[in-house]
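Student: Here is how the chains run, residue by residue.
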Amino acid sequence: DQQVKQNSPSLSVQEGRISILNCDYTNSMFDYFLWYKKYPAEGPTFLISISSIKDKNEDGRFTVFLNKSAKHLSLHIVPSQPGDSAVYFCAASEASNTGKLIFGQGTTLQVKP
Amino acid sequence: DAGITQSPRYKITETGRQVTLMCHQTWSHSYMFWYRQDLGHGLRLIYYSAAADITDKGEVPDGYVVSRSKTENFPLTLESATRSQTSVYFCASSGQFNQPQHFGDGTRLSIL
Numbered sequence: 001d002q003q004v005k006q007n008s009p010s011l012s013v014q015e016g017r018i019s020i021l022n023c024d025y026t027n028s029m030f031d032y033f034l035w036y037k038k039y040p041a042e043g044p045t046f047l048i049s050i051s052s053i054k055d056k057n058e059d060g061r062f063t064v065f066l067n068k069s070a071k072h073l074s075l076h077i078v079p080s081q082p083g084d085s086a087v088y089f090c091a092a093s094e095a096s097n098t099g100k101l102i103f104g105q106g107t108t109l110q111v112k113p
Numbered sequence: 001d002a003g004i005t006q007s008p009r010y011k012i013t014e015t016g017r018q019v020t021l022m023c024h025q026t027w028s029h030s031y032m033f034w035y036r037q038d039l040g041h042g043l044r045l046i047y048y049s050a051a052a053d054i055t056d057k058g059e060v061p062d063g064y065v066v067s068r069s070k071t072e073n074f075p076l077t078l079e080s081a082t083r084s085q086t087s088v089y090f091c092a093s094s095g096q097f098n099q100p101q102h103f104g105d106g107t108r109l110s111i112l
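Chains D and L, in that order, give the protein sequences.
Quick note: the first sequence, position 68, residue 68 per the working numbering, numbers continuous.
Quick note: the second sequence, position 106, residue 106 per the working numbering, numbers continuous.
Chain D with its partners taken away, still in its complex shape:
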């Protein structure tokens, strides 16, 4: 039973346009959400996070939106750049002191020049 789902395995956008990556979750106990970016042969790199007390968090070109009622979060990248081409994972954790993360399957983003 996948608690965190990224239903789009891949996404292709043109340079300069907006990239929107989506993530759905089923566990209502999740209170902290993160996005990671991963290049081939490297480990995931933290991108941006959001607490369940917020519905939006912005960091430069990256914005994460959280819709708790729909159990949905999304990552917006504006404008998209070719260097953004990577696999993006969303992750979630419960309100506990373990730090355990549950990851989605990942979405491969390709930004075309």
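It is worth saying that the hints were derived from the structure and are not from the lab.
Heads up, none of these hints are tricks.
Under the rule of at most 30 Å between Cα atoms (straight-line distance), these lysine-lysine pairs were calculated in the DSS-like manner: (1) L:Lys57 with D:Lys100; (2) L:Lys11 with D:Lys37; (3) D:Lys100 with L:Lys11; (4) L:Lys70 with D:Lys100; (5) D:Lys68 with L:Lys57; (6) D:Lys37 with D:Lys56; (7) L:Lys57 with D:Lys71.
Reference listing, derived: stretches of chain L covered by chain D, where coverage requires no fewer than 3 residues with Cβ under 8 Å from a Cβ of chain D: (8) 40–46; (9) 50–58; (10) 90–98; (11) 104–112.
Please read all numbers here as calculations on a predicted model, not as lab measurements.
Glycine residues also receive a C-beta, built at the ideal position from the N, C-alpha and C atoms.
Chain D is fixed; fit chain L onto it per the hints.
Tutor: Here is chain L on its own, set in the frame of chain D:
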């Protein structure tokens, strides 16, 4: 250099053998984690540790053993490797449970 390092980066072994993957971090982070990445599953937590000498199971712990005698090291051992354990393994650490985790570059393990 400060950071988190995994060794080896690549490993090929045979079924039934014991293999240990190493993870070392220089931040003195309390929390450390082991994940495996497989197609269609994303990253799945194998074991985690909140501090030295404190470890606990994650989603997929069967067939794996961990130890944490020192804060900076968190080795993962496959006691009797099976083909289903062929995967890419990532180690991560964080200073607090509610802080982002920082990942190593992974170990690609193939079991023949």
